[in-house]
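Participant: Each chain, written out:
There are 2 protein chains.
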Amino acid sequence: MKVCVNGYGTIGKRVADAVAMHPKMQLIGISKYTPDNHAKMAERLGYGIYVPAEKTADFEKKGIKVGGTVEEMIKACDIVVDASADGKGAANRALYEKLGKPAIFQGGEDDSIGKSFNARSNFDAARNEKFIRVVSCNTTSFCRVLKPLQERFKIKRVNGFLIRRGADPDDVKGSQINSIDWKANSHHSHDVNTIIDVPMTSLAFKAPHTLAHVNSLYIHFDGEPSKEEIIKVLKAENRVIVAKADSTSQIIEVARDLGLKRYDLYMPVMISNSVMAEGNTVFFSIVVPQESVVVAENIDAIVAQGGLMAKEESMRVTEKILGMDRIKKDVETVLG
Amino acid sequence: MKVCVNGYGTIGKRVADAVAMHPKMQLIGISKYTPDNHAKMAERLGYGIYVPAEKTADFEKKGIKVGGTVEEMIKACDIVVDASADGKGAANRALYEKLGKPAIFQGGEDDSIGKSFNARSNFDAARNEKFIRVVSCNTTSFCRVLKPLQERFKIKRVNGFLIRRGADPDDVKGSQINSIDWKANSHHSHDVNTIIDVPMTSLAFKAPHTLAHVNSLYIHFDGEPSKEEIIKVLKAENRVIVAKADSTSQIIEVARDLGLKRYDLYMPVMISNSVMAEGNTVFFSIVVPQESVVVAENIDAIVAQGGLMAKEESMRVTEKILGMDRIKKDVETVLG
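In order, the protein sequences belong to chains A and B.
Mapping of the first sequence onto the working numbering: position 50 corresponds to residue 48, and the numbering continues sequentially without gaps.
Mapping of the second sequence onto the working numbering: position 60 corresponds to residue 58, and the numbering continues sequentially without gaps.
There may be inaccurate statements among the hints.
Since the list gives no way to pick one copy over another, a pair counts as held whenever it fits inside one copy or between any two copies.
In silico BS3-like cross-links for lysine-lysine, where the CA-CA straight-line distance does not exceed 25 angstroms [unchecked claim]:
hint, residue 1, residue 2
1, Lys225, Lys60
2, Lys73, Lys128
3, Lys242, Lys225
4, Lys59, Lys242
If you're looking for bench data, these hints aren't it; they were derived computationally from the structure.
Chain A with its partners taken away, still in its complex shape (with noise of 0.2 angstroms):
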């Protein structure tokens, strides 16, 4: 399957280094529209740089190999992971339809430009989507939580409080650094609806650090699961990781610690030790590394949209390739 990225940014840089190390896909390159160190990091890892046309004198003017151009890039792939800017993708669809091409959306675009997707959740609906839609970190990590769950209890209602990082670590710009924002009705719990089928609301503040989110859940059940029960069903899942932990600085330290490219852990950390249970409900909180947990999906999705592999093969081989299972397996060792 050949694969490109279109943006290369936060999602494009590790969607693109996912695809090269996969057995069934062959990166094609990925695109730029400046020729700033992004590009020439781009360039050392060994990466094709496909260019808007009118760019390409810029590019070889501060050295910089291209490879064509963007359109270019896209006709001779069988597949586009789109991971350009928010509310971008829209605009870059009518040019995917116009070549034929099949694409991979991020979670910033509007549920309707394609099937919203999450490997545990909906693999095989998105078995010949023209358009695939992976929803945000803290969605797709929602429905790693919720869904398996839901398979064991029945839920009654969720109601999410999100503490979302100002920035990424790398923005220089665009964050505050003094203040709490906040959004009732958010979109996450309406983009879970698009994944799974339950009660939902979602409440997301902002606040100034950059390593992950936070992200915590009120669970109604109709029962009453114990803490330990909820721990064990979300132990037992290859893509959530369940650590004892008091900050997102401990958890990211061991993943520095663990030598992890870029510190990216692909998962969100449930943290045991905050897990409350009380009659029917249940209230825990999970830490979301923003970054990068979309990339298994991401992969997914190309694994789904083509046909490459059944469900659980491909969510096995995602996982190999991006070392989840020892992260998963070294992190509840070190945080048990």
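Given chain A, work out where chain B should sit, using these hints.
Facilitator: Quick look at chain B alone, frame taken from chain A:
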């Protein structure tokens, strides 16, 4: 050379990794005083864990295998790297003296504890010294930059302005979040003078960020070196990166994209686009990744103390182990 690391924090864990990779060294083990997740990480990395005798039961209760007591560890080694908390080294020195072991201390100790050391500036002065003090990351970085400039030009006076990071990334207390503090006549200029003879003052600020210190130097020369000459001299240094950048986060993101363990750069980054030259005064800034800069010096100090290799060979081997040659080349290419 049998080496142990007493204190397994920010510096200790990095020095332990480097010792374990050194062809002439054997890591006997590291000491831990609390059976926390850092102890579990050391176990995960395969390091022998030595604890105070009275705490052995606490560690074993948590399932952490103990290799012996701290005193046994020190007895079994040829040299101790003391990476304990600032100011604790003085008390530890008495123990090392009692057991007849040489030791390397860190820059948080008073300079009376041992011979101040910077590999580039005074490697040979450490030969056979019983106690050596690797100066702090800022002082180390200043020495790495000032020594070659002093060899090439006549420096009349240096004024240093430091913007220090408020806390290390995994520190959840002891740092400010909305304040800048300052100290005139900070210890840095004094510390540089324990190694390099140059008239110098320093003024240090501390601000709420974690990625790196950002330190600036006003250097008054006897003569008028150009911007280009300054850059050329520093670019020729193996332990100084020279790069064009606009923020600490941009530099750290490059380290992450390169997949560097813990995003450690091991070197100050001289910001080429910060250089301003006017008459006989030159101004420039350096970014100091505070966690990792002194690792190389700790390794070289062990070699120098024991007379294992001559200066150039030691520095080259240390740089190879830490991948510093590749890191310098990559960062200078991507941020060229």
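Participant: For each hint, tell me whether it holds in the structure or not.
Facilitator: Structure-based check of all given hints:
no.	hint	result
1	Lys225 x Lys60	between (57 angstroms within a copy, 22 angstroms between copies)
2	Lys73 x Lys128	within (16 angstroms within a copy, 68 angstroms between copies)
3	Lys242 x Lys225	within (14 angstroms within a copy, 52 angstroms between copies)
4	Lys59 x Lys242	between (51 angstroms within a copy, 17 angstroms between copies)
When each numbered hint is compared with the structure, no violation occurs for any of them.
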